[in-house]
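Whole structure, please, built from the sequences with the hints as guidance.
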Amino acid sequence: MKGLRMIAVLLGVGLIGLSASAAAAQAPVREVITGQVLRLVSVQDRDAMQSMDPGEPVAWDVQVSASRSDGEIDLSLTSDEPDDAFRVQVSACTGEGVDCGEQLLAPTVVHAGTIELGTQPAADAVWYRISTELVTPDPEASTLLTFTANGHGEDVSAGGPGAGEPGAGGPGADGPGAGGPVSDGGSGADLPSTGVVVSFLVLLVAGVLVLLGSALRSARRSGSRSGTVGGPS
Numbered sequence: 001m002k003g004l005r006m007i008a009v010l011l012g013v014g015l016i017g018l019s020a021s022a023a024a025a026q027a028p029v030r031e032v033i034t035g036q037v038l039r040l041v042s043v044q045d046r047d048a049m050q051s052m053d054p055g056e057p058v059a060w061d062v063q064v065s066a067s068r069s070d071g072e073i074d075l076s077l078t079s080d081e082p083d084d085a086f087r088v089q090v091s092a093c094t095g096e097g098v099d100c101g102e103q104l105l106a107p108t109v110v111h112a113g114t115i116e117l118g119t120q121p122a123a124d125a126v127w128y129r130i131s132t133e134l135v136t137p138d139p140e141a142s143t144l145l146t147f148t149a150n151g152h153g154e155d156v157s158a159g160g161p162g163a164g165e166p167g168a169g170g171p172g173a174d175g176p177g178a179g180g181p182v183s184d185g186g187s188g189a190d191l192p193s194t195g196v197v198v199s200f201l202v203l204l205v206a207g208v209l210v211l212l213g214s215a216l217r218s219a220r221r222s223g224s225r226s227g228t229v230g231g232p233s
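Using the numbering used here, read the sequence shown as starting at 1 and increasing by one per residue.
In case anyone wonders, no lab produced these hints; they're calculated from the structure.
Owing to the predicted nature of the structure, the values given are computational and were not obtained by experimental measurement.
Among these hints, one or two may not hold up.
[Claimed, not checked] Pairwise CB distance ranges, derived in the manner of DEER restraints:
#1 84 <-> 121: 32 to 42 Å
#2 56 <-> 27: 36 to 46 Å
#3 55 <-> 119: 30 to 40 Å
Where a beta carbon is used, it is the ideal one built from N, C-alpha and C, also for glycine.
What follows is the structure, given as structure tokens:
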């Protein structure tokens, strides 16, 4: 039984280590994407985005600001998903994920293309929450979302392929355009195949239970044989 207890302790330590690793992996990723004038801060839980279940929204927060106070900034959201697999809602917030009551985009099933979200004064620094929900049980459903701010002659994007690269058009009429935006992280809001993480954890737990059952049966058989050998003849 001592050997069985040791196996159980080791398995427990392994599961605790796995839980700690999973918690660390789920920490939101914060990126800062800067252009000549515009600046985006993107905060997203990539693990949650890549293991979505139908009906469970995942939040992505983006702040838009500028180093110049004049003019306005145009906002848009682009999806590359041609099917009706994801529903998206966009709201303006008073802070990062706080009081997101002003709705820019009502819950909408997105298709491939660009949705214009409106404008904000360049003098303001505004947080936006993009809530994305999987609406189909298709395990192969995926999309790439890109949030774009356009103003002062440049585009700055977060989320999709090409994020952090120069927008088209070169120098603008009312501001410099040389040099593209700079990002301190990867692209981001990728919503690929779902359910992979959950399936892996289920299989892992099942494997642990099988190992514990096998060790218990072996210990019982060993104890039975010991009792038979040491008993009366």
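Legend entry - Violations among the numbered hints: Violated hint: only 2; rest satisfied.
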